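Peer 1: Sequence:
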Amino acid sequence: AVPQSTTHVLWVDADAVILRQTRGVEELLDGRPLGTQLVIGEDLSPACLVNAGVLLVGISEWSLALWTDVWDAPSSQRFHNRHFHEQTALLKQLARRGEGLARV
Numbered sequence: 001a002v003p004q005s006t007t008h009v010l011w012v013d014a015d016a017v018i019l020r021q022t023r024g025v026e027e028l029l030d031g032r033p034l035g036t037q038l039v040i041g042e043d044l045s046p047a048c049l050v051n052a053g054v055l056l057v058g059i060s061e062w063s064l065a066l067w068t069d070v071w072d073a074p075s076s077q078r079f080h081n082r083h084f085h086e087q088t089a090l091l092k093q094l095a096r097r098g099e100g101l102a103r104v
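Residue numbers (the working numbering): 1 to 104.
Careful, some of the hints might be misleading.
[Said to hold, decoys possible] EDC-like cross-link-like pairs, simulated, lysine to aspartate or glutamate; straight-line CA separation at most 20 Å:
{"no.": "1", "residue 1": "Lys92", "residue 2": "Asp15"}
{"no.": "2", "residue 1": "Lys92", "residue 2": "Glu61"}
{"no.": "3", "residue 1": "Lys92", "residue 2": "Asp72"}
{"no.": "4", "residue 1": "Lys92", "residue 2": "Asp43"}
{"no.": "5", "residue 1": "Lys92", "residue 2": "Asp69"}
Derived by calculation from the structure, the hints in this document are not laboratory data.
Just so you know, these numbers come straight off a predicted model, no measurement behind them.
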């Protein structure tokens, strides 16, 4: 069971490399507005704007709705068999919600 004090979940792809192992996950939220629900890195490839390989997700109704739509919404399902499928579906759902990349 997840402790009730847990506020965020960190997703790390199996091929991700963590260089600074002395920094805590909570530092990813430093300087961010209170209530930040998604911290995601920029992709180095011009093929996609974000890199869904490492991201920090708040535990909230907003996050649950977002990820449900990333996997189940008809507007996302068309990306499920394409390159960068989860990243493309995530961008589609963030855009649908009016979440600007400056805030993501």
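Peer 1: Run every hint past the structure and note whether it holds.
Peer 2: Each hint tested on the structure:
Of the pairs offered as hints, the one joining Lys92 and Asp15 is violated, with about 24 Å between alpha carbons and a cut-off of 20 Å exceeded. Using a Cα cut-off of 20 Å, the hinted pair Lys92 and Glu61 holds, with the two alpha carbons roughly 19 Å apart. Our distance criterion of 20 Å between C-alpha atoms is met by Lys92 and Asp72, whose separation comes to about 12 Å. Under the criterion of a C-alpha separation no larger than 20 Å, the hint pairing Lys92 with Asp43 is consistent with the structure, at around 16 Å.
With a C-alpha separation of about 10 Å, the suggested pair Lys92 and Asp69 falls inside the 20 Å cut-off, and the hint holds.
The structure shown violates just one earlier hint, number 1.
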